[in-house]
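Trainee: Each residue of the sequence shown is one higher than the one before, starting from 20 at the first, in this note's numbering.
Keep in mind the hints are simulated off the structure, nothing from the lab. Here the structure is a predicted model, which means the values were calculated and not measured.
In silico DSSO-like pairs for lysine-lysine, Cα to Cα no more than 30 Å straight-line:
(1) Lys74 <-> Lys92
(2) Lys88 <-> Lys141
(3) Lys88 <-> Lys56
(4) Lys56 <-> Lys74
(5) Lys94 <-> Lys144
(6) Lys88 <-> Lys136
For each label pair, taking beta carbons as the anchor points, the in silico distance ranges come out as:
(7) Leu45 <-> Asp135: 19 to 27 Å
(8) Arg310 <-> Ala70: 55 to 63 Å
(9) Thr190 <-> Asp270: 22 to 30 Å
(10) Val304 <-> Glu199: 19 to 27 Å
(11) Glu49 <-> Ser107: 20 to 28 Å
(12) Lys141 <-> Leu45: 15 to 23 Å
(13) Leu213 <-> Leu192: 15 to 23 Å
(14) Glu296 <-> Asp135: 41 to 49 Å
(15) Glu296 <-> Leu213: 20 to 28 Å
(16) Leu317 <-> Ala82: 48 to 56 Å
(17) Arg310 <-> Val66: 52 to 60 Å
(18) Thr147 <-> Pro273: 23 to 31 Å
(19) Thr294 <-> Asp31: 53 to 61 Å
No residue lacks a Cβ here, since even glycine has one placed at the ideal position from N, Cα and C.
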Amino acid sequence: MRSSISNDSGPDAVRMYLNEIGQVDLLNAEDERRLGKLIKDGIAAQVALDAGEGKLGLRERRALQREIKEGEKAKEHMVRANLRLVVSIARRYDRKELQLADLIQEGNIGLMHAADKYDFEKGFKFSTYATWWIRQSMTRAMADQGRNIRIPGHMMEIVNRVHRVERELATELERDPLPEEVAVRCGLTVDKLLEVMQIALTTTSLDAPVGSDTDDLTVGDTIASQNENNDPQEVTEKALLSEAVERTLSDLPPRDQEIVAMRFGIGKYVGQVHTLEEVAKIQKVTRERVRQIEQKTLARLRHPHNSANLRAFMDDN
20 MRSSISNDSG PDAVRMYLNE IGQVDLLNAE DERRLGKLIK DGIAAQVALD
70 AGEGKLGLRE RRALQREIKE GEKAKEHMVR ANLRLVVSIA RRYDRKELQL
120 ADLIQEGNIG LMHAADKYDF EKGFKFSTYA TWWIRQSMTR AMADQGRNIR
170 IPGHMMEIVN RVHRVERELA TELERDPLPE EVAVRCGLTV DKLLEVMQIA
220 LTTTSLDAPV GSDTDDLTVG DTIASQNENN DPQEVTEKAL LSEAVERTLS
270 DLPPRDQEIV AMRFGIGKYV GQVHTLEEVA KIQKVTRERV RQIEQKTLAR
320 LRHPHNSANL RAFMDDN
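Make a model of the complete structure from these sequences and hints.
Mentor: Below, the structure written as structure tokens:
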């Protein structure tokens, strides 16, 4: 079975590839742990073999070589069982910069890196971890094809946030929002907002969707800042923690969910922590009401039933 498509592949070749990889069985959690251990042991054996060059006996060398071979076979199995994940992500990123076949090719490279780096002992799914590497590989290739989307990471985030807020306000107000309204919702001064919009006009829109589906994923979401800590293990754990918190709060009233998300920088406000005053002003409630909702939420998180879901994350920090 092929794990790649040639760069000049047409629709028929892509279709054949998709049919081919669709025949591979998906892995369960136990499969992932078993293969992950074999891969990790194989990598360790390769390190030991290289370090012991000229010092190891024949039996030791052969034992290490067997482990290396088993690790390579396990990696191939892990990769092939997850090729559909690459295709799923590639379809969301399909843009003029790179054709679908090229995106799949780049994503497969990221998938192979993920198989090498995966730590099965952490307990989360391989697909969750691999997604980071696949996206990184694809978006770097997209950036290489479209240099004009490269702007500083911190500014990229602000530009993308402004575009999102403009869409939200246009829906709420049923008209184009004023700069002052956008600035308040974004937590920016009007001068800063205008500076940001000037940058947006001179670059490819980072708010452009990366695919044709209806989700909110944009080019800006997917390109990592060179100044940020983008350790995939940390990114994965933070994503899982955020999901766990959001699940815990999902039965709150919608406005309370919005207030909590703004206060703690989660959900659509990830990384954007608002003060009590800011939340009160935006949500048109009193500062005291925001504080009460925050305290009620913290009490909910401390409840044994909910805290059990989060303890695995908290214990590591």
